[in-house]
Amino acid sequence: MEWLDPAREFTQLFHTEIVYFSYGILALGLFQNFIYLLQIPLAAMELLRMKLRRQDEHTWWLVTSNITLPISIIIPAYNEEVTISNTVMATLGTQYPSFEVIVVNDGSKDCTLQVLIDQYQLEKTDRFYENHLIHKEIRGIYTSSIYPNLVVVDKENGGRSDALNTGIDVSRNPLFCTLDADSLLDPSALLKTVQPFIDKPDEVVATGGTVRILNGCDVENAVIKQVRLTRKLLPLFQVIEYIRAFLMGRLAWSRIGILTIISGAFAVFRRDIAVHVGGFSSTTIGEDFELVMNIHKYCRKNKRNYEMRFVPEPVCWTEVPETMKVLSSQRIRWQQGSLEVFFKHREMFLNPKYGRIGLIAYPLIFIFDILGPLAELAGYVLLPLFYLLGALNAEFMIAFLCLFFVFGVFISTMSLVLEEISLKRFSHAKGLLILGFAAIIENFGYRQYNNIWRIIGWWRFILKKQVWGNMTRVGMQAK
Amino acid sequence: MPSFNEIVSSYVWPVTLISCALSLTVFFTLVGLRFFRDRIKDRKLTRQKEIQQQLLVHLSNPLKDLRNTLLKTEKDMERVAEVVPTLLRTLKGGSYQRLLDSLKEIGLYEWALKKLHNRNRPRKIAAINLIAHWLDKRVKQELIDLLKDNHPLVQYAAVEALAHTKDTTLLPVIIRVFKRQKNISVPLMSDVFQRFGNNISEQLASYIKQKNIPLRIKIALLMALIQTDSIEQIISAATALCHHKNDELRALAYLALFEAKEPVDASLLKSGMCDSDWRVRQYTASCASHCSPLPAEILRTLLKDENWLVGLRSGQILLTYGTVGRKLLETLAKKDDLSAARAKMILSEYRDSSWEDAHGMA
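Chains as they are written, first to last, in my numbering: chain A, 1 to 479; chain B, 1001 to 1362.
Calculated directly from the structure, the hints in this document are not laboratory data. Don't take each hint at face value.
To be verified - In silico EDC-like links for lysine to aspartate or glutamate, alpha-carbon gap of 16 Å or less: (1) Lys-1049(B) <-> Asp-1076(B); (2) Lys-232(A) <-> Glu-322(A); (3) Lys-424(A) <-> Asp-1038(B); (4) Lys-136(A) <-> Glu-156(A); (5) Lys-1104(B) <-> Asp-1136(B); (6) Lys-1115(B) <-> Glu-1142(B); (7) Lys-1140(B) <-> Glu-1105(B); (8) Lys-1049(B) <-> Glu-1078(B); (9) Lys-1041(B) <-> Glu-1082(B); (10) Lys-1044(B) <-> Asp-1065(B); (11) Lys-1304(B) <-> Asp-1337(B); (12) Lys-1115(B) <-> Asp-1167(B); (13) Lys-1064(B) <-> Glu-1110(B); (14) Lys-1072(B) <-> Glu-1050(B); (15) Lys-1044(B) <-> Asp-1101(B); (16) Lys-1344(B) <-> Asp-126(A); (17) Lys-1344(B) <-> Glu-130(A); (18) Lys-1304(B) <-> Glu-130(A); (19) Lys-1179(B) <-> Glu-322(A); (20) Lys-1245(B) <-> Glu-322(A); (21) Lys-200(A) <-> Glu-1110(B); (22) Lys-430(A) <-> Asp-1038(B); (23) Lys-303(A) <-> Glu-203(A); (24) Lys-297(A) <-> Asp-199(A); (25) Lys-1044(B) <-> Glu-1078(B); (26) Lys-301(A) <-> Glu-241(A); (27) Lys-1245(B) <-> Glu-203(A); (28) Lys-297(A) <-> Glu-347(A); (29) Lys-1075(B) <-> Glu-1050(B); (30) Lys-1182(B) <-> Glu-347(A).
As the list claims (entries may be wrong) - The following residues of chain A were derived to be distant from chain B, with all beta-carbon distances above 12 Å: (31) Pro-6; (32) Ala-265; (33) Ala-378.
This structure is a prediction, so every number in the text was calculated from the model and none was measured. In this text, a Cβ means the ideal position worked out from N, Cα and C, and glycines have one as well.
My request is simple: use the sequences and hints to build the entire structure.
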């Protein structure tokens, strides 16, 4: 193949550099996998600790107690006419002694507001609130004549974080919970997520719960009747991803106090601290990540003893994209958001002033989210090429394939093992088996696609291009 | 020490392949186990249903030979033990006692006593929960011995069972367990204290005032005390905590004073009003609702608090005083400061006194 000759010449000329570059990629892969390995025992230890404290019967005590902290559940809604009614109904059915549901209609172009007005017999009121956070103008506040704890805020469109800030301003309780409009809460999820606030009231500032995938489940009257697996491959891969991210990553980092991400789809925060740090940022896409980082900064600067906890069991069910188009735009947005927040708070990187967040968590974000996708994709493209050109030997290629493919199977399978040992959320062995096979297949194709989307996220970040994705809702009732 | 090159060429692939194979083996073994467990579980559920049915029949129409009817195989005593707690929870008075006697006759009592020393922890805990229905001297002693167990769930189950005795002499032992076992959460501890009922309110209050009690236990004690109806003890314990250095405990103390529904001492209202924690100030405003005459100065100050939620509560409390409070709000609304703006908004929101009605405080 004569046409390869110039490439061969190039390879010979820069042989040392190419070898070092390839070693760099492999070293990064080795380090990433070592961290994953570390996460497994940490997550297992945390799950064991949670098991010691888990006594479902006794959480009911909290329902009747007047000590349980009152909470405001904030649901931002933009063009959610298909799902909003069910989400609100499911949320109103939450087992909690004192809570209000605040739906923020973020200037929807569809009939979201009208659906709510009709379904819950809403009337406009003069609810008292004060503006402490930045958000677009409120057009009206509605309360329900049938559900006294339901408040609907209608405002100008300003995005998710803007809507959440409005909700925080209107809320009147010491805690608030953020919930996506396409999500369903397990009835006892909130009680369990709030428990760390009751256990360590002066330390816990935020908690996050597990988010699981709703696609495929049997839903009746906004209640999950049976947890089933979706038959579609794309959501199935995401089931594995979610289990891996929540049950391993977040749980492990929560164990050693370096939790930096609490999913905004279902999180509980102390209202006063969120207000102190300025609420959710409207200038970044990763507003959840940004708020968590701001809280870390605030607490560290004020030398406050604080904890952010991830509670593995409480479950919030959410719909995930079923098409490549929607999924890619979601993942591109997530990557862009991570990059924005990372660079915005770059002074925390390796800064001892921020303790283990600066010294451990931030470098890990750098390796996994910032360098990771670049290195992995470079590995997929360049290493086989270098091998073909004779710059790398076969052993090196095998090591690369093992690290990036085989070890991926190991990590995914281990997260399923943790799930089965601790939570047993899947009711049948058949479901587990299907997931097991999906955990193997996802490493060959899906994982690489994810990397491409993350690189596009990088590109969008460089171009400073903010694009908001639209999620196509199937509607929970339809399942 | 192997070089990086050596690691790459000699170690990476065997290590990853072996770990992957191991994880897959573990996973598929678990799936297999799950498959068999599901089958066993189905069979177990069917037998449990049969036993439950037979016990219900026995309650309405006593069977002559319950033992032989229920216990057909060796495992059936375990099935009975699994079914009984739920059943007993639904029964009261005569039926409850009749069933307990019948179960003792068929040997469940002795069986459960033996299982208290079982190595399998879940079985041990289930046995504790079951034996708690027969709280005689022997059981009590066994449960006290179990407090020395190393596992928090076993300790908690024993503590919870002992709480059913309502024997107040056990309280120091239980507090010692809680001091030692930090894995037992605040709500669970509070639940145990509540199970003793109203008769321990004086002891709860006395423990709250002691200096050597850890903060988390104090919170649990106060939570339990609030649930009792001994107003005097609630007020005494809460008053002692109103100046505690911990924000949470102070806030809880003011909440307790509010829950006591008795007039609160003016000096406590004044110190609460100036507290650094906004929740203390908010509960202070709530406490003001029980005072007579209306503590106008305190509520007026709290209305313009830096935290608007405190201001809001203060305005809401003013409305509970009916015409007097409403007039005060109307007067304040005419001024030109923060309290005026808030008073206007509160009057506008509660123009039909709905807050007082909804909260039954008018």
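Status of each hint after checking the structure:
1. Between Lys-1049(B) and Asp-1076(B) the alpha-carbon distance is near 12 Å, which keeps this suggested pair within the 16 Å criterion.
2. Distance hint between Lys-232(A) and Glu-322(A) is fulfilled; the C-alpha atoms sit about 8 Å from each other, no more than 16 Å.
3. With a CA separation close to 12 Å, the supplied pair Lys-424(A) and Asp-1038(B) stays within the 16 Å bound.
4. Between the alpha carbons of Lys-136(A) and Glu-156(A) the distance comes to roughly 6 Å, so the proposed pair stays at or under 16 Å and holds.
5. A threshold of 16 Å between alpha carbons decides the hint, and for Lys-1104(B) with Asp-1136(B) the separation of about 13 Å falls inside it, so the pair holds.
6. The straight-line distance between the Cα atoms of Lys-1115(B) and Glu-1142(B) is roughly 11 Å, inside the 16 Å bound, and the hint therefore holds.
7. Of the pairs offered as hints, the one joining Lys-1140(B) and Glu-1105(B) is violated, with about 20 Å between alpha carbons and a cut-off of 16 Å exceeded.
8. Proposed proximity of Lys-1049(B) and Glu-1078(B) is supported: the alpha carbons are some 13 Å apart, at most 16 Å.
9. Pair hint Lys-1041(B) plus Glu-1082(B) holds up; C-alpha atoms about 13 Å apart against a cutoff of 16 Å.
10. Of the supplied pair hints, the one linking Lys-1044(B) and Asp-1065(B) is violated, its CA atoms being roughly 23 Å apart against a limit of 16 Å.
11. Our distance criterion of 16 Å between C-alpha atoms is met by Lys-1304(B) and Asp-1337(B), whose separation comes to about 8 Å.
12. Taking the CA atoms of Lys-1115(B) and Asp-1167(B), the gap is about 24 Å. The hint is violated against a cut of 16 Å.
13. Annotation: proposed proximity of Lys-1064(B) to Glu-1110(B) is violated, straight-line Cα distance about 21 Å (limit 16 Å).
14. For the proposed pair Lys-1072(B) and Glu-1050(B), the alpha carbon gap of about 12 Å is at most 16 Å, so the pair holds.
15. Under the criterion of a C-alpha separation no larger than 16 Å, the hint pairing Lys-1044(B) with Asp-1101(B) is inconsistent with the structure, at around 25 Å.
16. Distance restraint check for Lys-1344(B) and Asp-126(A): the Cα-Cα separation of roughly 11 Å lies within the 16 Å cut-off, and the hinted pair is therefore satisfied.
17. A C-alpha spacing of about 13 Å is found between Lys-1344(B) and Glu-130(A), which places the hinted pair at or below 16 Å, so the restraint holds.
18. Our distance criterion of 16 Å between C-alpha atoms is met by Lys-1304(B) and Glu-130(A), whose separation comes to about 12 Å.
19. Between the alpha carbons of Lys-1179(B) and Glu-322(A) the distance comes to roughly 51 Å, so the proposed pair goes past 16 Å and is violated.
20. Our distance criterion of 16 Å between C-alpha atoms is broken by Lys-1245(B) and Glu-322(A), whose separation comes to about 53 Å.
21. Taken as a hint, the Lys-200(A) and Glu-1110(B) pair is broken in the structure, with Cα atoms around 41 Å apart against an allowance of 16 Å.
22. Of the pairs offered as hints, the one joining Lys-430(A) and Asp-1038(B) holds, with about 11 Å between alpha carbons and a cut-off of 16 Å not exceeded.
23. With a C-alpha separation of about 12 Å, the suggested pair Lys-303(A) and Glu-203(A) falls inside the 16 Å cut-off, and the hint holds.
24. Distance hint between Lys-297(A) and Asp-199(A) is unfulfilled; the C-alpha atoms sit about 23 Å from each other, more than 16 Å.
25. Under the criterion of a C-alpha separation no larger than 16 Å, the hint pairing Lys-1044(B) with Glu-1078(B) is consistent with the structure, at around 10 Å.
26. The straight-line distance between the Cα atoms of Lys-301(A) and Glu-241(A) is roughly 34 Å, outside the 16 Å bound, and the hint therefore fails.
27. Using a Cα cut-off of 16 Å, the hinted pair Lys-1245(B) and Glu-203(A) holds, with the two alpha carbons roughly 15 Å apart.
28. Only pairs whose Cα atoms come within 16 Å are accepted, and Lys-297(A) paired with Glu-347(A) is accepted, the gap being roughly 11 Å.
29. Using a Cα cut-off of 16 Å, the hinted pair Lys-1075(B) and Glu-1050(B) holds, with the two alpha carbons roughly 14 Å apart.
30. Simply put, Lys-1182(B) and Glu-347(A) have alpha-carbon atoms about 37 Å apart, too far for the 16 Å limit, and the pair is violated.
31. A cut-off of 12 Å between C-beta atoms confirms that Pro-6(A) is not in contact with chain B; the least separation is 28 Å.
32. With a minimum CB-CB distance of about 26 Å to chain B, Ala-265(A) clears the 12 Å threshold, and the non-interface call stands.
33. For Ala-378(A), the shortest C-beta to C-beta distance to chain B comes to about 17 Å, beyond the 12 Å cut-off, and the non-interface label holds.
Figure legend: structure checked against the earlier numbered hints; hints not met, in rising order: 7, 10, 12, 13, 15, 19, 20, 21, 24, 26 and 30.
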